[in-house]
Amino acid sequence: MDLSLIIMQLLSGIALGAVLVITALGLTIVFGMLGVVNFAHGALFMIGAYAGLYLASLTGSFWWGLLLAPILIGAFGMLIEFVLIRRLYGRSIDDPLLLTFGLSYVLVEGVRIVFGSDGIPFPTPPQLIGVLDLGIGFFPRYRLFVIALVAVVLLVLWLTLEKTRVGLIVRAGARDPTIMQVLGVDIGRVWLAIFGLGVGLAALGGVLAGPMRSVNPEMGSLVLAEAFVVTVIGGLGSIVGAVVAGLMVGISISMVALFAPEMATIVMFALMAVVLLIRPQGLFGVRGRTA
Amino acid sequence: MPKSGSTPKISRRTALAGLSASAALLAMPRLGRAADETIRIGFPTPLTGPFAAEARDQVKCAELAVKLVNDKGGIAGRKVELLVRDDKLNAGEAATRTLELIEKDKVHAVVGALSSAVQLGVNEVTRARGVIYVSISQSDTINEAKDFSKYTFHEALNPHMTTAAVARQTLKKGMKVAHLVADYAYGHEMLRGFKRAQAAIGADNVGEILHPFGAADYSTFIPRLMSMRPDVLCISNFGRDQANAIKQAVDFGVKQQMKIVVPVILHNQRLAVGPDVFEGVVGGANYYWGLEPQSKTAADFNAAFRAANGGAIPTDYGAYGYSGVASLLLAMRAAGGTDTDKVVDALEKLQYDLTKGPQHYRKCDHQSVQSVLVLESKKKSAMANDNDLFAILATDTGSADMLRSCSELGHAT
Numbered sequence: 001m002d003l004s005l006i007i008m009q010l011l012s013g014i015a016l017g018a019v020l021v022i023t024a025l026g027l028t029i030v031f032g033m034l035g036v037v038n039f040a041h042g043a044l045f046m047i048g049a050y051a052g053l054y055l056a057s058l059t060g061s062f063w064w065g066l067l068l069a070p071i072l073i074g075a076f077g078m079l080i081e082f083v084l085i086r087r088l089y090g091r092s093i094d095d096p097l098l099l100t101f102g103l104s105y106v107l108v109e110g111v112r113i114v115f116g117s118d119g120i121p122f123p124t125p126p127q128l129i130g131v132l133d134l135g136i137g138f139f140p141r142y143r144l145f146v147i148a149l150v151a152v153v154l155l156v157l158w159l160t161l162e163k164t165r166v167g168l169i170v171r172a173g174a175r176d177p178t179i180m181q182v183l184g185v186d187i188g189r190v191w192l193a194i195f196g197l198g199v200g201l202a203a204l205g206g207v208l209a210g211p212m213r214s215v216n217p218e219m220g221s222l223v224l225a226e227a228f229v230v231t232v233i234g235g236l237g238s239i240v241g242a243v244v245a246g247l248m249v250g251i252s253i254s255m256v257a258l259f260a261p262e263m264a265t266i267v268m269f270a271l272m273a274v275v276l277l278i279r280p281q282g283l284f285g286v287r288g289r290t291a
Numbered sequence: 001m002p003k004s005g006s007t008p009k010i011s012r013r014t015a016l017a018g019l020s021a022s023a024a025l026l027a028m029p030r031l032g033r034a035a036d037e038t039i040r041i042g043f044p045t046p047l048t049g050p051f052a053a054e055a056r057d058q059v060k061c062a063e064l065a066v067k068l069v070n071d072k073g074g075i076a077g078r079k080v081e082l083l084v085r086d087d088k089l090n091a092g093e094a095a096t097r098t099l100e101l102i103e104k105d106k107v108h109a110v111v112g113a114l115s116s117a118v119q120l121g122v123n124e125v126t127r128a129r130g131v132i133y134v135s136i137s138q139s140d141t142i143n144e145a146k147d148f149s150k151y152t153f154h155e156a157l158n159p160h161m162t163t164a165a166v167a168r169q170t171l172k173k174g175m176k177v178a179h180l181v182a183d184y185a186y187g188h189e190m191l192r193g194f195k196r197a198q199a200a201i202g203a204d205n206v207g208e209i210l211h212p213f214g215a216a217d218y219s220t221f222i223p224r225l226m227s228m229r230p231d232v233l234c235i236s237n238f239g240r241d242q243a244n245a246i247k248q249a250v251d252f253g254v255k256q257q258m259k260i261v262v263p264v265i266l267h268n269q270r271l272a273v274g275p276d277v278f279e280g281v282v283g284g285a286n287y288y289w290g291l292e293p294q295s296k297t298a299a300d301f302n303a304a305f306r307a308a309n310g311g312a313i314p315t316d317y318g319a320y321g322y323s324g325v326a327s328l329l330l331a332m333r334a335a336g337g338t339d340t341d342k343v344v345d346a347l348e349k350l351q352y353d354l355t356k357g358p359q360h361y362r363k364c365d366h367q368s369v370q371s372v373l374v375l376e377s378k379k380k381s382a383m384a385n386d387n388d389l390f391a392i393l394a395t396d397t398g399s400a401d402m403l404r405s406c407s408e409l410g411h412a413t
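Chains as they are written, first to last, in the working numbering: chain W, 1 to 291; chain A, 1 to 413.
Honestly, the hints are just simulated from the structure, not real lab data.
Don't take every hint at face value.
[Unchecked claim] Straight-line distance between alpha carbons at most 16 Å, and here's what the computed EDC-like set of lysine to aspartate or glutamate pairs gives:
| id | chain 1 | residue 1 | chain 2 | residue 2 |
| --- | --- | --- | --- | --- |
| 1 | A | K378 | A | D388 |
| 2 | A | K60 | W | D118 |
| 3 | A | K60 | A | E81 |
| 4 | A | K88 | W | E218 |
| 5 | A | K255 | A | D231 |
| 6 | A | K67 | A | D300 |
Sequences and hints are given; from them, build the entire structure.
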């Protein structure tokens with residue numbers, strides 16, 4: 001097997017991993033900071049794709065859809081937190097889990113009613129149609145763009161969390177919310193913002209995935225499973241874990257597809273099983289953490 | 001487990017069949033007085049999941065077939081009722097729903113299912129219970145003697161006839177062919193069909209990749225397929241898998257290097273990804289509304305569907321729903337009611353023309369002998385309107401020569 005094919009395959013894996021990273025990141029941030037396992041994450045990914053498509057057709061440009069959909073759906077996420085999730089803080093972890101699980105059904109049915117249950121086309125932005133000659137083979141421009149955009153988003157997110165005052169409050173809030181309140185920080189507002197960010201990231205993943213797959217009401221269910229696998233491998237609540245595990249899963253799927261294509265889907269679950277056996281808290285997780 | 005009758009041991013299947021036969025005998029008196037009751041047709045189909053779009057079209061068309069008969073006063077004075085159930089694209093679920101339809105809802109026959117694996121699950125139940133089943137999903141296995149029963153009818157095309165027709169239009173001697181195949185019964189049967197047709201034509205197989213059923217991303221298979229340097233890429237999968245696989249192959253520039261061919265080109269999936277992606281893709285079909293100008297039957301069917309559905313046109317898998325139910329109802333009319341043996345007999349003798357031209361069920365395996373269309377997806381600028389999706393490359397007239405012979409399938413001849 002020649003090297004250029006392996007490099008192409010690696011690149012496919014990274015592109016696949018990039019979307020996984022973005023969706024898993026939203027899931028893991030919300031769990032790490034709020035202790036909420038958001039089962040509606042996949043549905044919000046799907047809503048993001050529909051919102052992106054709708055806004056793109058409304059404004060006539062994919063770029064507006066890409067920019068506005070995560071903001072709009074992120075705001076919708078804040079509404080969910082404010083109206084529903086907020087009431088369940090301090091209760092057992094099952095309560096928000098059940099709530100978001102139910103919410104995911106409501107969202108999927110809602111989209112079926114408004115947009116129908118058939119898939120609808122999400123055109124690739126004209127600037128990114130076609131392939132780029134990399135010397136060793138051709139690779140879709142759009143997928144290269146996805147890799148680059150995800151890298152930028154990760155960088156911005158990292159800088160915000162590590163280098164700004166807001167990031168400091170968020171990190172401290174995750175460690176000890178009571179002390180933060182004593183220090184005069186309105187922790188409710190922080191949680192509201194975090195949930196909005198998590199949902200916004202799901203929506204961004206949806207918009208990015210739109211031009212690569214057909215957009216349909218069930219597109220989020222598989223994504224939710226994948227995002228969970230990534231967060232479990234990376235360690236629940238760990239941002240670095242989500243990034244590393246997302247890329248690892250993408251590349252594993254891609255490499256296995258080269259040698260045993262029918263095993264491509266199973267490999268991520270196998271990877272998860274192995275990680276759970278050796279390091280139950282995940283690669284970057286903290287042992288015994290209950291959030 | 002022994003499949004042939006050479007061993008004296010009673011298999012579970014035989015025992016089941018025997019039991020249900022005696023149960024049927026016991027139930028006879030009750031059926032006798034039910035002569036004036038409604039005729040109930042069970043219709044399991046995957047209303048949720050990746051084939052949902054096709055399934056809903058099946059239901060719409062099946063409902064149309066029932067409505068047209070009821071509008072004319074039903075069959076022997078009895079109204080017809082369609083009982084639709086969601087089989088969730090799962091063989092176990094389908095078997096349970098079918099059993100309920102038979103035991104609880106007391107259906108007189110079953111039509112439906114939309115997966116080669118699921119229809120075998122339905123068939124298992126119906127033949128054990130001695131209930132007529134008209135399958136409307138592609139399968140080769142259902143024709144074979146081991147899965148056949150006198151109650152099993154197959155209205156859909158089968159992979160053997162579909163792939164042969166598509167290969168005839170697209171492959172030439174010496175061409176290199178690669179395959180991307182969904183890893184379940186449908187994909188395997190299509191692959192087998194293509195390889196058989198390929199061998200007959202003299203085209204070379206350069207490789208095949210099996211992908212997991214229901215995958216959302218195909219990018220990981222494409223570099224390797226391209227490195228095989230084929231002239232033709234056959235993508236044998238169904239529903240949303242077809243849309244996603246073709247879209248992503250096109251994103252990778254596959255069409256610049258090779259032609260994309262599919263066994264069955266799906267109306268709804270072409271709608272789901274748009275004309276630019278599907279442009280030039282060739283595939284087989286049982287039906288296309290654009291047959292209108294050349295077929296009076298198609299024009300009538302389209303008109304009836306339009307009238308019942310606000311001007312919409314019927315799709316390929318929709319047409320199966322219509323002809324599956326309507327052929328059964330024609331046979332019931334000929335049989336004067338729902339007596340299973342009489343209806344089976346009537347179906348075997350039936351010559352019907354419901355959507356696209358003459359059809360009949362072959363005696364040995366109850367496969368519907370019918371025409372096969374080969375379609376090519378039009379480019380956007382060549383479309384006269386939003387429904388003008390395909391150009392008809394060929395209409396192969398139905399004949400028993402298209403099918404595998406009765407003896408090859410293991411039927412007594």
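Could you tell me which of the hints above the structure violates, numbers in ascending order?
Structure breaks no hint.
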